[in-house]
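Protein chains in written order, with UniProt numbering: chain A, 1 to 316; chain B, 1 to 316.
Rather than coming from a laboratory, the hints here were simulated on the basis of the structure. One thing to keep in mind: the hints can contain errors.
Identical chains share a label here; the pair holds if one copy fits it or two copies do between them.
Cross-link-like lysine-lysine pairs, in silico, PhoX-like; alpha carbons within 20 Å at most [what the hints assert, rightly or not]:
# : residue 1 : residue 2
1 : Lys147    : Lys293
2 : Lys178    : Lys147
3 : Lys248    : Lys173
4 : Lys198    : Lys123
5 : Lys221    : Lys244
6 : Lys198    : Lys130
Number of protein chains: 2
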Amino acid sequence: MATLKVPAHVPAPSEDAEQLHKAFAGWGTNEQLIIDILAHRNAAQRNVIRKVYSEAYGEDLLTSLDKELSSDFERAVMLFTLDPAERDAYLANEATKKFTSSNWVLMEIACTRSSHELFNVRKAYHARYKKSLEEDVAHHTTGDYRKLLVPLVSAFRYEGDDINQTLAKSEAKILRDKISDKCYNDEEVIRILTTRSKAQLNATLNHYNTAFGNAINKDLKADPNDDFLKLLRATIKCLTVPEKYFEKLLRQAINKLGTDEWALTRVVTTRAEVDMERIKEEYHRRNSVTLEKAIAGDTSGDYERMLLALIGAGDC
Amino acid sequence: MATLKVPAHVPAPSEDAEQLHKAFAGWGTNEQLIIDILAHRNAAQRNVIRKVYSEAYGEDLLTSLDKELSSDFERAVMLFTLDPAERDAYLANEATKKFTSSNWVLMEIACTRSSHELFNVRKAYHARYKKSLEEDVAHHTTGDYRKLLVPLVSAFRYEGDDINQTLAKSEAKILRDKISDKCYNDEEVIRILTTRSKAQLNATLNHYNTAFGNAINKDLKADPNDDFLKLLRATIKCLTVPEKYFEKLLRQAINKLGTDEWALTRVVTTRAEVDMERIKEEYHRRNSVTLEKAIAGDTSGDYERMLLALIGAGDC
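The shape of chain A in the complex, shown without the other chains (with noise of 0.2 Å):
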């Protein structure tokens, strides 16, 4: 559930757009009147305010954010504003830049999207970059990592509920065989977790449990210091259990020494209005405080009040 909180009563667009407008003109900058429009709005809203603000003043929103706004607060006004798959899109190019790298980010946004959406941030990218995502993804990785990441970002699994019992008792045991093996690149493993249903892999991945005595996450910690074997471990959590994957994301942000905000900004834009509820239940029972009090605990100024706003803390 989504911790996105609309007013009861929005004011049409071209009444936002001006007050946008007007909050970046003169000196100064009234950041708390951004943040009370453009994080309380949904994204079919936030786009429309998005095409009469250009039609408005000639310029696009984001450049106008871009030059007002800036470091920590400007990101996560900015991320939150763009539609979900150009956020995903932007998000997943800086991934496979030199110095923005992420392979994470990529698992990420390849895992906890539906097929579709998914789609769309192909869509996306094709418009924005003049290129397939998975052409960069392929391009800016290499040896495991690019067996795993291309299929994951090209995929477009099933998504009924329809499961094969048989199968998931035969891949379980693959799975089994090739861990028990260390062949953790093994391209049945890749072929196996990009390509099946989430319902399907699930279905597999509990009848490892079963059969086998253990989680298959914890006979893939058997080296807990291989970066491979830890996105592997990451990818089975998107692809299984998301609110725990992103929990964690966000107990690490937080409790690093020096908040980790290029996580942080991430997880709550892209989540405010999809799971954050979820998320937050989630990392208060695993933290004993809520997300709240840790946000506020760990950021300040306006860049506290927008990621509130997002987690739905106080009102609208």
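Starting from the structure of chain A, add chain B where the hints point.
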């Protein structure tokens, strides 16, 4: 250009449906009537006829066709009647089955359809088989074939004209180096062929030709009997000169001792609404005989009439 001929005045779909129903009624079947209707309606029109037919007579038109027709004629009518995305999903599924498996058909569908068409095939595959295309392809292939085919069927290539000449040069060099080392299944070779846009790939292969003195497919003929090399060459042909690929397929299907109806029917039914005019031109040039003549000489009866109608012989 398509060869499909649609009459200037098309009867109402309800009338077409009624005529088809009559064609099936009583003793014997009126095959010519079936050809006159179905081989002269475009995909959108056939879809409406199918819908109207099933509403009026409580049976899918394809089921009726299946009851009334047989052998090669049935396959041709059935394949052509299907919506293009559904038809490709059907052909692709067939190509992953034990006794009808064909890596070539999978490659052909992946490489000669546009990115959006291929995505529609993947959607149709979900709807019909409750699985994803790539999961069946991955499950039913192994080794080098899997390495090539899974990314091919999962691709969503960029389709704009933008190309990067620097990249074309550097990737031409990579291809040349790998081919010189006989590393035909190298992951870089696979990456370039499966992710780059057709325009970009074309630029790369032009550089290859210019810089190294001959076409890549000549270098890929090192071992003329190697099946994987054959498939690689066909992949490159499909991506760059599909009409030449289809011409050769037709030539081999027709010249074979005992026509290869399976291939002949596939090419005619899948290309009649796309680029059959171009393929016919290519065929005539290469064989010094028109495709009409070649098909007429090699097939007979309703099957012959159906194919000739689809390649635009005679009036409608």
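Hint by hint, here is what the structure shows:
1. Lys147 x Lys293: neither (40 Å within a copy, 48 Å between copies)
2. Lys178 x Lys147: Result: close both inside a copy and across copies, 16 Å intra and 19 Å inter.
3. Lys248 x Lys173: neither (29 Å within a copy, 44 Å between copies)
4. Lys198 x Lys123: between (22 Å within a copy, 17 Å between copies)
5. Lys221 x Lys244: For Lys221 and Lys244, only the intra-copy Cα distance (17 Å) is at most 20 Å; the inter-copy one is 52 Å.
6. Lys198 x Lys130: Close across copies (13 Å), not inside one copy (30 Å); limit 20 Å.
Comparing the model with each earlier hint shows violations of hints 1, 3; every other hint is respected.
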